[in-house]
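Trainee: Next come the chains, spelled out residue by residue.
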Amino acid sequence: MNYVFQFGDVFNAWPELLTGAWLTIRLSGLAMMLGLAVAVLCALGKTQGPRPVRWLVDLYVEVIRNTPFLVQIFLIFFGLPRAGIRLDANEAALLAMVVNAGAYCTEIVRAGIETIHKGQIEAGLALGLKRLQIFLYVVLFPALKAIYPSLTSQFILLMLTSSVVSAISAEELTAVANNLQSQTFRSFEIYIVVTGMYFAMSLMFAGAFALIYRAVFARTDAAR
Amino acid sequence: MIRQFTSAEFFFLVSAVRWTLLLSAIAFVGGATLGLVVALARTSPWQWLRATAGAYILVFQGTPLLMQLFLVFFGATMVGASVDPLAAAAIGLTLNAAAFLGEIWRGCIQAIPKGQWEASTALGLHYVTRMREIILPQAAKIAVAPTVGFLVLLVKSTSLASIIGFVELTRAGQIVNNATFRPFLVFGIVAAIYFALCWPLSLYARHLEKRFGTVSR
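Which chain is which? The protein sequence lines are A and S, in order. If you read the first sequence in the working numbering, its first letter stands for residue 1, the second for the next number, and so on. If you read the second sequence in the working numbering, its first letter stands for residue 225, the second for the next number, and so on.
So that you can see chain A by itself, here it is in the shape it has in the complex (with noise of 0.2 Å):
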């Protein structure tokens, strides 16, 4: 093997490199909190909703969890359009984002939901607590908790998955290395960089899940 590995052309793109990278947390950052709120909907219809909703609700979480991102991304993007919906590429990555990550956490959420215990909204009920006080602090704040290991795995996941809307050529971090690459035919330099810069942003993330659980979740363990 006589290939000199040449990393100047990289980092002389370090800015574009950053600016992707920002898009990316950015992205996956909305995708989650949009997501999160799509499957609290979901997992609510799921298991407090009449059965129509329930069938919908199957139907959006089978379909999503079965057939492949890429495969989505391509339909919202060259489909859409079709049906008259103009996205362009970053807000077809976030839309396709959300509705992937709402599906697979709305299996998770709905989880969470059922681990309580009947008594506890029944108790909420005697206490006379409004319905939307019940579910939002005796049923899904003590849900979200119970599930947070997962739904944080999926949510990092779902950033690293985001790589794929390059293929849309939204401009996050890989289609910048993707732009780079076809600039510089550094290819294997630029995507071993690039990839290490996932990595980060994935433990950059665990941390960042860690410090939420510990501001939001934490101080309730002593009641326990």
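These are calculated hints, taken from the structure and not from any lab test. Hints may contain errors.
Think about it this way: if two alpha-carbon atoms lie no more than 30 Å apart in a straight line, the pair counts; the simulated DSBU-like pairs of lysine-lysine are [stated by the list, open to error]:
#1 K434/S x K118/A
#2 K145/A x K118/A
#3 K434/S x K145/A
Computed from a predicted model, the values in this text were never measured in an experiment.
Based on the hints, put chain S in the right spot on chain A.
Mentor: Relative to chain A, chain S alone:
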């Protein structure tokens, strides 16, 4: 010129499934073989081996599969090997699957009650005999459900091979869409084919989970 979407295009999509299946099969066999090594290393009595396997899992689960495929693909060119997209995708998916299966199976091995380990040690069984005759057969039983579940993920992951230019189902969909410009129809069919492959596996995994109980992943 825009082509019509005819039965020829439809059969082109359907026949591309064999490449998706072939790639899934290679990656599963390769990933299972290497994954068993990773799981055994992760539960081995030697600290350095456990740490090495742990680092392997951390890196492969902490970076995007797409990057891993790119690195294999471009790494092979770098050392001067001719790059066949199928081979690059198969190697990349194998390495990735080994990390995931290794981690799943580590959980299954560690779920075997301590008494079984102690009893087999007390009987004077050697490591190889102990793992082969006592621990692994029991671990295999609880490993079936999460492994089938992982297979769904693997089949879907093969779609990324299209990005490095391997013509499997998703790439075939792109080719047909570029010619016919019927994205809803084409990718709808592609999605339906993936669904037909994955959904039975998902249902089977859920059925097994109910039968054998769940193992935390």
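Trainee: Each of the hints needs a verdict: does it hold here or not?
Mentor: Consistency of the hints with the structure:
no., hint, in the structure
1, K434/S x K118/A, "23 Å, holds"
2, K145/A x K118/A, "17 Å, holds"
3, K434/S x K145/A, "24 Å, holds"
Violated hints for the displayed structure: none, as all numbered hints are satisfied.
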